[in-house]
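Protein chains in written order, with our numbering: chain A, 1 to 270; chain B, 1 to 359.
Hints may contain errors.
[What the hints assert, rightly or not] The calculated DSSO-like cross-link candidates involving lysine-lysine, where the alpha carbons are at most 30 Å apart (straight line), are:
#  : chain 1 : residue 1 : chain 2 : residue 2
1  : B       : K6        : B       : K17
2  : B       : K344      : A       : K162
3  : B       : K17       : B       : K91
4  : A       : K162      : B       : K329
5  : A       : K36       : A       : K162
6  : B       : K91       : B       : K166
7  : B       : K168      : A       : K162
8  : B       : K91       : B       : K101
9  : B       : K17       : A       : K90
10 : A       : K90       : A       : K36
11 : B       : K344      : B       : K329
[To be verified] Which chain B residues stay away from chain A? Per the calculated CB distances, all over 10 Å, these:
#  : residue
12 : S8
13 : S35
14 : R72
15 : H105
16 : T322
Treat the hints as calculated values from the structure; they're not laboratory data. Every residue gets a Cβ at the ideal spot worked out from N, C-alpha and C, and that includes glycine.
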Amino acid sequence: MHSRHRVFDPCLISFSLIGGLIIGLTVLALLNMAVKQLSDIPFLISTATDSGVINAIVVTMGAGLHAVLILLIIGTPLAYVLARTNFRGKGVVESIVDIPIMIPHTVAGILVYLLFMRRGLLGAPLYEMGFSFEDAYPGIVVAMLFVSAPYYVNSVREGFEKVPVHFENVARTLGATRFQAFMRIVLPLSVRHIVNGSILAWGRAIGEFAAIIMIAYYPFVISTLIYYTFTTSGIKASSTVAFVMILACFAAFIILRLLTRYTGRYDDRV
Amino acid sequence: MIEFDKVSLRLGTFALKEVSLRIRLGDFYFILGPSGAGKTVLLEGIAGLHAPQSGRILLRGEDVAGIPPERRRISLVYQDYSLFPHMTVAKNIAFGLKMQKADRHTVERRVEDLLEAFGIGALRDRHPLTLSGGEQQRVAIARALAVEPDILLLDEPFSALDPVTKEKFIEDLREIHRTRDLTIVQVTHARDEAMRLATRVAVIIEGMLAAEGGVEEIFSAPETCDLARFMGIENILLGRIVSSSNHVVRVDTGAATIIAVSDLAEGMEVAACFRAEDVTLSFPGTPGSSARNTFEGTITAFTPLGPLMRVSIDCGFPLIATVLRDTVKEMGLSPGSRVSASVKASIIHLTASEQTITD
Chain A
1 MHSRHRVFDP
11 CLISFSLIGG
21 LIIGLTVLAL
31 LNMAVKQLSD
41 IPFLISTATD
51 SGVINAIVVT
61 MGAGLHAVLI
71 LLIIGTPLAY
81 VLARTNFRGK
91 GVVESIVDIP
101 IMIPHTVAGI
111 LVYLLFMRRG
121 LLGAPLYEMG
131 FSFEDAYPGI
141 VVAMLFVSAP
151 YYVNSVREGF
161 EKVPVHFENV
171 ARTLGATRFQ
181 AFMRIVLPLS
191 VRHIVNGSIL
201 AWGRAIGEFA
211 AIIMIAYYPF
221 VISTLIYYTF
231 TTSGIKASST
241 VAFVMILACF
251 AAFIILRLLT
261 RYTGRYDDRV
Chain B
1 MIEFDKVSLR
11 LGTFALKEVS
21 LRIRLGDFYF
31 ILGPSGAGKT
41 VLLEGIAGLH
51 APQSGRILLR
61 GEDVAGIPPE
71 RRRISLVYQD
81 YSLFPHMTVA
91 KNIAFGLKMQ
101 KADRHTVERR
111 VEDLLEAFGI
121 GALRDRHPLT
131 LSGGEQQRVA
141 IARALAVEPD
151 ILLLDEPFSA
161 LDPVTKEKFI
171 EDLREIHRTR
181 DLTIVQVTHA
191 RDEAMRLATR
201 VAVIIEGMLA
211 AEGGVEEIFS
221 APETCDLARF
231 MGIENILLGR
241 IVSSSNHVVR
251 VDTGAATIIA
261 VSDLAEGMEV
271 AACFRAEDVT
281 LSFPGTPGSS
291 ARNTFEGTIT
301 AFTPLGPLMR
311 VSIDCGFPLI
321 ATVLRDTVKE
331 MGLSPGSRVS
341 ASVKASIIHL
351 TASEQTITD
């Protein structure tokens, strides 16, 4: 009967049981909500098709996408410099990059608000030029950018560091400038880290609440809407909005993962 | 062609200290040194990937400080080949030509020529990570030669190859050097590669230039005792010259007297160096050897070295000989056997030992 002998490693088994608590907690929370929500399908559908809810989801995901696009442009060069150079004070720069991770999000929100409000250091001149951040879409993007930047920069930097510097050196001796070597060698070999960093940053951005409401209570992002619904209509209405958001996030992440599944597989090295 | 004028270059734990060298047009120049001696840094310095802290590097007679690697017309092949993993073999080879904005026709033709010359046409559309070490090596060299450099830098090119591939590749390199008008600079820690390919050799020990010269002088007549050791000379005996006449000296090592051909003066502290392969073994008392140095001793150990056998002998001082395995069998030698070891006086190289230098 026993054609195979499996060796059960007691250490792995106990670790799995203990670690399983985290998985269990998440699954339990989701099931608990799903069961309640799915028991009232008509209400779920009316919530999911409510224009306020749809707007909030679109604003959230759109602003997150804008934040990531800005990060691709300004975060990528920073990640490269941090990956490839050693300079005095590099530790200080690295700490500055990590500041948004370390501080409470309300504090991040106040920092962003003070800088970009109508009378703020950057907000005032930009307001003159016609850009308004207070209670406006750009305010959401700026707040998201601030809190998600470290996730993008650190992830992409790690990708750049994994590309052997010898590749770049060879490319340069073959006639490529540093920029050409970056574009043709380093960037293609780091695609996966760039994609992962973008997804991480995007996820972080669409989950932001505290930093956003400081500068832009309106237009509602999904978190603001959930909080607003919770305080005005109670737990049932707000948890339905939350459930719709969960479904939307799941769908988005699954699509993203599927799309990027085979991206940059050549840097798979053991 | 390439000149180092008192170049000092520090990079992490590696450092070159005031190295001056002259590599001439057409040289197959070997830079020998133990691992971690700063050899790769030196090559990267020539390529322009690191700037020296002090001193000057001249290429083709010009100071190249401030000239970036992409404008130096030097190709570099690393030990790990560093093929671009996201490009096919053909694209790897074409990379440099594309960077130089060669037209498509030229790129295609040159890539075809190289694929054929290196016998890697069948690998054209493969990705580097699917290739064997020897195949990767050939692609790397082809890629380096595609831009038609006049200087080729090789960083330990044989270290990852199996012996058969290595043999073939040594021949290929000799051919490349001969037919393509190249100045090649190769760094390695393997002396046998240098003995077979080099036209000139520099030895770098602890970041400093320990010796520079032709292959013969570096290998057979090292200037210092340290160098002799690094060159793998097995027998190095310290002593003092007790008599000198007519180019023949007698060196007293305490345990033996060694006769050597040398012009060094009486009273000097010297090291007598000779290679294990220059020692011949016979049974004690058998006449016939013309060698002027004969030491009797007892065999203490055997170490097989392929077709050869390394024999350790206690002659009152330790002595090492290498002989054919067949010789060991024919003579019926075993640990404990008494033998006499002979070395010709003309083959022993005397170098001033450390003590004299510090005096």
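For each hint given before, does the structure comply? Return the numbers of the non-compliant ones in rising order. Failing hints, ascending: 2, 3, 4, 5, 7, 10, 14.
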